[in-house]
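K.L.:
In the order they appear, the protein sequences are chains A and B. Residue numbering for the first sequence is 254 to 550, as defined by the numbering used here. Residue numbering for the second sequence is 192 to 519, as defined by the numbering used here.
Keep in mind the hints are simulated off the structure, nothing from the lab. Keep in mind it's a predicted model, so treat the numbers as computed, not measured.
Simulated crosslink set (DSSO-like; lysine-lysine; CA at most 27 Å straight-line):
#1 B:Lys480 x B:Lys519
#2 B:Lys330 x B:Lys227
#3 A:Lys530 x A:Lys495
#4 B:Lys507 x B:Lys260
#5 A:Lys425 x B:Lys227
#6 B:Lys507 x A:Lys425
#7 A:Lys530 x B:Lys468
#8 B:Lys330 x B:Lys260
#9 B:Lys272 x B:Lys330
#10 B:Lys507 x B:Lys519
#11 B:Lys480 x B:Lys507
#12 B:Lys468 x B:Lys507
#13 A:Lys425 x B:Lys468
#14 B:Lys501 x B:Lys519
#15 B:Lys272 x A:Lys425
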Amino acid sequence: MKRREFARSMMAGLLLPAAGLFPERLQRSLWIAVLLPARATGGASTSFASGVEMGKEETLRAAALFSRGLGFIDASYTPAADLSAIVSRVKAQGTVLLVSALEEETAELSTLCDSARLVLLNGAARTDSLRRSTCSDFVFHVEASESMYRSAAQSVAIPQDSVALWSPALEKYGAAQLNDRYAARTGSVMDASAWAGWMCVKIAWEASIRASSAESRQIADYLVRESTAFDGHKGAPLSFRKWDHQLRQPLYAAAPVSGGRVSEIPDVAMASGSVMKLLDTIGDPLGMTTCTKGKRR
Amino acid sequence: MIRIALAAFLLVCSAIPATTEAQRSQLLFVSNEASKSISVIDTRTNSVIRTIGLGHRARGISVSPDGRKVYVALSDDVPMKETEGDRIAVVDVASGNVLARYSSGSDPEQFGVTPDGRRLYSSNEDAGTASATDLRTGKVIATMIVGIEPEGVAVSPDGRWVYVTAETSNSVSVIDTRTNKVVSSFLVDIRPRAAAFSRDGRRAYVSAEVGGSITVVDATRHQAIGSISLESGEGKPVGIVVSRNGSWLYAANGRTSTVSVVDLTKGTVAATIPVGKRPWGITLSADEKYLYTANGLSNDVSVIDVASRKVVDTIKVGMRPWGVAASK
Chain A
254 MKRREFARSM
264 MAGLLLPAAG
274 LFPERLQRSL
284 WIAVLLPARA
294 TGGASTSFAS
304 GVEMGKEETL
314 RAAALFSRGL
324 GFIDASYTPA
334 ADLSAIVSRV
344 KAQGTVLLVS
354 ALEEETAELS
364 TLCDSARLVL
374 LNGAARTDSL
384 RRSTCSDFVF
394 HVEASESMYR
404 SAAQSVAIPQ
414 DSVALWSPAL
424 EKYGAAQLND
434 RYAARTGSVM
444 DASAWAGWMC
454 VKIAWEASIR
464 ASSAESRQIA
474 DYLVRESTAF
484 DGHKGAPLSF
494 RKWDHQLRQP
504 LYAAAPVSGG
514 RVSEIPDVAM
524 ASGSVMKLLD
534 TIGDPLGMTT
544 CTKGKRR
Chain B
192 MIRIALAAFL
202 LVCSAIPATT
212 EAQRSQLLFV
222 SNEASKSISV
232 IDTRTNSVIR
242 TIGLGHRARG
252 ISVSPDGRKV
262 YVALSDDVPM
272 KETEGDRIAV
282 VDVASGNVLA
292 RYSSGSDPEQ
302 FGVTPDGRRL
312 YSSNEDAGTA
322 SATDLRTGKV
332 IATMIVGIEP
342 EGVAVSPDGR
352 WVYVTAETSN
362 SVSVIDTRTN
372 KVVSSFLVDI
382 RPRAAAFSRD
392 GRRAYVSAEV
402 GGSITVVDAT
412 RHQAIGSISL
422 ESGEGKPVGI
432 VVSRNGSWLY
442 AANGRTSTVS
452 VVDLTKGTVA
462 ATIPVGKRPW
472 GITLSADEKY
482 LYTANGLSND
492 VSVIDVASRK
502 VVDTIKVGMR
512 PWGVAASK
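Please put together the full structure from these sequences, using the hints given.
P.N.:
So this is what it looks like as structure tokens:
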């Protein structure tokens, strides 16, 4: 393409400009804290931790390719611990993003992160109120909401506990490769919690490098930008809803359907129009949010 | 003595028709992932004239610069481990014989051959590396760490640079072929698959399957400079090919079963052509009158008339066709 023609195309808005999508160099190092329940010796927390570890390994490698500084701070929580002290400590250590596997404590954590201006990526709590009344400009939900699980189950007439965030039986859209990488690393299958841990770290790193920033405000703004999208090996571009900061994503029938294939809800492969609109058919619609903070609605 | 002379004469005679045939008509080579073979198509009749069994999943495919060999990336079903099944097969165009199987690291998927025909660069999806193979010795001479889940490989027309896309890290690693080192990396749109250079080497293009776009790259500076949205972002581009004059790019949109015709002078989609199911591989005929797509779910190849932008023929091939390459 000739330079003059290319410039004309850019001016006409035919080519999207590079700013934001392909940013300039990031000057400051990025610090990500990972908050796990203490004594994570089995179940979802252990899987989440394993997913986080794979995410760390891969993002550190990507950071090296781009000569970017990236570090992780591990924090653990016990019911006796002071959550406020943990948030203060990781903030003092330079953290701008916090990845969390906590569940019941997420409402308190959201309030603390909002005050501390730390971006929180919730990887475990499904509670709808976190997306409605207890909201923050700095809190984002990678785990799906109760509302999403409920409407996904209703749409295909299966029990709600048969709907999952991820399945180790997935193959399409590079899911097989992701499942294989995880299995080779851990000796276990990648379950929903492991995917959530891995995805939280991936989002944290990509948001920073794409926003070309290690500042929490700029990263939070980037996360709700209309053009922002992530690839979670689910076949669709995943993005955060502006109104409830919930990650738009397909869910899965936990048991493979006939033919051994896992059915996705909604069926992204069959989408004939906007995938984003299709993904918005599960979970809270815009009108459901009671959040009045910041830039919502 | 007479017997030897007669045998030599017969050998020469038997070689002549195949070679002449290959020279007269253009051949297409289609890698079939599930049936682990190559279908050879005569483009005069648009029919399969030969099927070459390879024994392993066949994916990336390319014809050597001199037109005499076809290279095919083979891999096994054992993830995360290099085995005898992970090879680059070298097929003789004239005879259809497999001449060699070169090592090329774990799970080779796509590759590019330097214009001098001396080296082959492949992406090793499992290992997160790219390998450089010396095509004279068949040995791997360098292994380079690239992005996470590497996929597409393109060699610049002057042979100096190799671009390797990586699906998970959304990056392109730039390899300097003089040193066989990664000298730079840049971000592209999400889930990059294939890369292709313009013939003058000034631009490169990278398809982003989940992003639904083509990233435009200034290949003189190795920097992404823009993005062209396909089908309002709902296109799912995988394989791409650029016309010789640099004005047109054709993208095979796997999941939407279409080909986007992109006018690179305007940065817009000029036409969308419905083809078979899940086209991934795409190539142009030598005269650029026809486009061919390998359609993985309908097990066929669509033949598109470039001028009318219509499918004019469909050719049944093996199971799950992946890539397609045209003879020189």
